[in-house]
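Trainee: Line by line, the protein sequences give chains A and B. FYI, our numbering numbers position 183 of the first sequence as 183, with every residue one higher than the one before it. FYI, our numbering numbers position 266 of the second sequence as 266, with every residue one higher than the one before it.
Just so you know, the hints here were simulated from the structure itself, not pulled from any lab data. It is possible that part of the hints are untrue.
[Unchecked claim] Partial list, derived from the structure: chain A residues whose beta carbon lies under 8 Å from chain B:
1) Ile97
2) Ser109
3) Met222
4) Ala272
5) Ile275
6) Leu278
[As the list claims (entries may be wrong)] The calculated label-pair distances, taken between Cβ atoms and stated as ranges, are:
7) B/Val169 - A/Ala114: 41 to 47 Å
8) A/Leu74 - B/Thr194: 45 to 51 Å
9) A/Ile82 - B/Leu21: 43 to 49 Å
10) A/Leu74 - B/Met103: 46 to 52 Å
11) B/Arg314 - A/Ala114: 53 to 59 Å
12) B/Thr194 - A/Asp178: 24 to 30 Å
13) A/Gln158 - B/Tyr227: 47 to 53 Å
14) B/Ile311 - A/Leu74: 52 to 58 Å
15) A/Leu223 - B/Thr4: 50 to 56 Å
16) A/Lys135 - B/Arg145: 37 to 43 Å
Bear in mind that the values here come from a model prediction, so they are computed numbers and not experimental data. Just so it is clear, CB atoms sit at the ideal spot from N, CA and C, and this is done for glycine as well.
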Amino acid sequence: MEQLLQQLVNGLSLGSIYALISLGYTMVYGIIRLINFAHGDIYMIGAYVGYVCMRHLKLGFFESLIISMVFCALLGILIEKIAYKPLRNSARITALITAIGVSLFLEYSTMAVATATVRTYPADVLINKTFSPIKGVIVNIQQVYIFIITIALMLLLQFIVHKTRIGKAMRAVSADKDAARMMGINVDNTISYTFAIGSALAGAAGVLVGIYYNTINPLMGMLPGLKAFVAAVFGGIGIIPGAFIGGLTIGIIETMVSGYVSSLYKDAVAFAMLILILLVKPSGLLGKNIREKV
Amino acid sequence: MKDTIKRLLQYTASVVLLYALIQLLIFAGIINEYYQVTLAMICINIILAVSLNLITGFTGQFSLGHAGFMSIGAYTCALMTLRVGGLFSFILGILLGAILAAMVGFIIGMPTLRLKGDYLAIATLGFAEIIRIILLNLDFTGGARGLADIPRYTNWTWLYIFTVICIVVTVNFIKSSHGRVCISIREDEIAAETLGINITRYKVLSFVIGAFFAGIAGALYASYFYYIKPGLFGFLKSIDILVIVVLGGMGSITGSILASIFLAVISTYLQAFAEFRMIIYAVILVIIMIFRPQGLMGTKEFKPEQVEKRIKERNNR
Chain A
1 MEQLLQQLVN
11 GLSLGSIYAL
21 ISLGYTMVYG
31 IIRLINFAHG
41 DIYMIGAYVG
51 YVCMRHLKLG
61 FFESLIISMV
71 FCALLGILIE
81 KIAYKPLRNS
91 ARITALITAI
101 GVSLFLEYST
111 MAVATATVRT
121 YPADVLINKT
131 FSPIKGVIVN
141 IQQVYIFIIT
151 IALMLLLQFI
161 VHKTRIGKAM
171 RAVSADKDAA
181 RMMGINVDNT
191 ISYTFAIGSA
201 LAGAAGVLVG
211 IYYNTINPLM
221 GMLPGLKAFV
231 AAVFGGIGII
241 PGAFIGGLTI
251 GIIETMVSGY
261 VSSLYKDAVA
271 FAMLILILLV
281 KPSGLLGKNI
291 REKV
Chain B
1 MKDTIKRLLQ
11 YTASVVLLYA
21 LIQLLIFAGI
31 INEYYQVTLA
41 MICINIILAV
51 SLNLITGFTG
61 QFSLGHAGFM
71 SIGAYTCALM
81 TLRVGGLFSF
91 ILGILLGAIL
101 AAMVGFIIGM
111 PTLRLKGDYL
121 AIATLGFAEI
131 IRIILLNLDF
141 TGGARGLADI
151 PRYTNWTWLY
161 IFTVICIVVT
171 VNFIKSSHGR
181 VCISIREDEI
191 AAETLGINIT
201 RYKVLSFVIG
211 AFFAGIAGAL
221 YASYFYYIKP
231 GLFGFLKSID
241 ILVIVVLGGM
251 GSITGSILAS
261 IFLAVISTYL
271 QAFAEFRMII
281 YAVILVIIMI
291 FRPQGLMGTK
301 EFKPEQVEKR
311 IKERNNR
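Work out the full structure, taking the sequences as your base and the hints as a guide.
Mentor: Put into structure tokens, the structure is as follows:
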């Protein structure tokens with residue numbers, strides 16, 4: 001029982017990070033129907049920006065978090081303008097291949113600049129203390145921080161999407177791009193905002209993962225990025241609460257598998273789940289089935 | 001009829017001539033050990049690219065898991081030659097590897113090919129990752145260390161034979177009625193279905209053929225480079241193959257061949273700068289997608305007859 005609870009706690013903190021990344025995936029997919037492969041690498045860049053802020057500029061945790069989010073937001077807009085905007089009306093495979101290209105570019109440019117060595121986050125940025133609420137279960141304060149920050153960002157995102165003008169525009173563009181344009185919505189700007197918000201969340205996830213696991217490297221974004229995509233599909237792609245639920249689920253299942261079965265199989269589980277969900281209910285947990293019209 | 005036979009003879013003669021020429025250069029030492037590696041890479045990449053082109057370029061099914069099939073062929077052949085030994089085990093290993101890869105392709109293809117576009121890409125990627133993780137965890141595959149000291153049987157002759165077989169089979173498949181069906185699925189899936197075509201069957205067919213040749217390429221790879229490990233057949237390898245197909249043109253066999261040669265030569269020269277090679281790959285991908293999304297050759301083929309015709313026309317003028 002204690003082990004189960006312990007795995008649940010670990011799973012929730014890992015899941016929060018997946019949830020933050022998959023929110024960006026879901027938002028971008030919802031608005032331009034593109035699997036943004038580069039999203040996982042924006043998360044990696046976020047981790048590196050946080051590293052530079054903390055280690056070299058000696059900034060505190062929250063300043064670094066915010067700087068990293070802003071940097072990633074700008075990077076997201078830049079990528080969208082350079083690589084995805086010219087392809088807005090082309091085939092989806094074309095856009096997907098471009099996304100892979102951007103992803104490789106970010107990974108290997110980071111490797112060229114920062115070298116492939118693994119970097120370690122400073123350990124004293126956040127209080128590193130443990131307490132045990134129930135006997136046998138150990139919770140690190142950092143895990144609490146990660147969970148609270150994720151919930152806070154998630155609520156902020158819900159507020160932006162449902163209560164502000166930008167959010168309204170985003171929902172309109174994702175429902176029908178042409179109709180939205182006719183209603184006087186600036187579609188290009190709305191897409192840019194979506195990339196900015198999604199990338200900022202990925203940047204936040206990058207800093208949190210740096211704090212949680214301590215080590216970062218240029219290829220760290222690849223697998224979590226794919227898993228976050230699995231999370232987005234699991235919850236129903238394009239649906240924001242779905243991505244959140246999917247992220248937490250994947251995180252929890254993954255820690256359960258590495259706790260009870262073998263840590264070597266944990267990466268396979270996410271993909272097995274993906275294939276299962278695609279075969280059973282491709283629209284995802286919260287998704288609705290849409291009929292194909294000819 | 002006479003023309004067809006004449007052309008067939010011409011093609012056969014040029015295929016044999018090319019083989020003899022390069023074999024001669026190898027004997028003469030002009031193509032040294034170093035360039036022979038490039039030559040092997042070109043042949044293996046051609047097989048991989050042509051087989052992926054059949055799936056992605058001609059049937060229009062976007063697969064990101066080609067390296068997974070390659071790894072099955074590679075491990076089968078490596079284990080065969082390591083455990084049994086001898087030239088016979090090498091040939092058996094290639095065939096067994098290819099058949100095993102085709103079978104896995106069938107098992108993977110049956111459920112996933114119902115999916116479309118992006119979802120299919122992610123599902124194939126997921127399957128390739130699962131294959132990699134299984135290879136990583138099995139005992140007899142050597143885990144993360146992989147298999148070393150694989151006897152080398154692959155040489156220029158074998159590489160050339162299998163490359164030619166792969167190209168000939170693929171080209172003839174595309175020209176057959178089955179191949180035409182595959183192209184119709186690429187052009188418009190719904191229209192093809194309304195014409196009474198069992199689209200899943202043909203998608204799976206092209207997927208299985210593609211996997212078969214990817215298995216052969218993997219087997220040749222294992223037997224040429226002495227050493228394999230699961231990390232070699234990851235997501236990046238699949239992307240490598242995809243870059244070749246996209247660069248050459250999705251739906252052009254000659255495009256894939258030219259792109260294989262071009263990229264193998266580039267990466268030989270950029271060997272010392274592995275990171276820059278990947279950055280250049282990435283930039284090439286993005287630029288081609290933005291400015292020439294159909295690839296260098298598009299769906300066109302390079303045919304010697306057309307060049308001949310054009311020269312004749314110019315002379316007559």
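Trainee: State for each hint whether it applies.
Mentor: Here's how the hints hold up against the structure:
1. Ile97: holds (5 Å)
2. Ser109: holds (6 Å)
3. Met222: Holds - the Cβ of A/Met222 comes within 8 Å of chain B, reaching about 7 Å at its closest.
4. Ala272: Check passed: Cβ of A/Ala272 comes within 6 Å of chain B, closer than 8 Å.
5. Ile275: holds (6 Å)
6. Leu278: It holds, given that the least Cβ distance between A/Leu278 and chain B is near 6 Å, below 8 Å.
7. B/Val169 - A/Ala114: 41 to 47 Å: The hinted range 41 to 47 Å holds for B/Val169 and A/Ala114, with Cβ atoms some 46 Å apart.
8. A/Leu74 - B/Thr194: 45 to 51 Å: holds (48 Å)
9. A/Ile82 - B/Leu21: 43 to 49 Å: At roughly 45 Å between Cβ atoms, B/Leu21 and A/Ile82 fall inside 43 to 49 Å, so the hint holds.
10. A/Leu74 - B/Met103: 46 to 52 Å: holds (49 Å)
11. B/Arg314 - A/Ala114: 53 to 59 Å: Holds - the Cβ-Cβ distance for B/Arg314 and A/Ala114, about 56 Å, lies within 53 to 59 Å.
12. B/Thr194 - A/Asp178: 24 to 30 Å: Holds, since B/Thr194 and A/Asp178 (Cβ atoms, about 27 Å apart) stay within the stated range.
13. A/Gln158 - B/Tyr227: 47 to 53 Å: Given a distance of about 52 Å, which is inside 47 to 53 Å, the answer is holds.
14. B/Ile311 - A/Leu74: 52 to 58 Å: Hint holds: Cβ distance 55 Å, inside 52 to 58 Å.
15. A/Leu223 - B/Thr4: 50 to 56 Å: 53 Å Cβ-Cβ, so the 50 to 56 Å window holds.
16. A/Lys135 - B/Arg145: 37 to 43 Å: For B/Arg145 against A/Lys135, whose Cβ atoms are near 42 Å apart, the range 37 to 43 Å holds.
Going down the numbered hints, you'll see the structure goes against none, and every one checks out.
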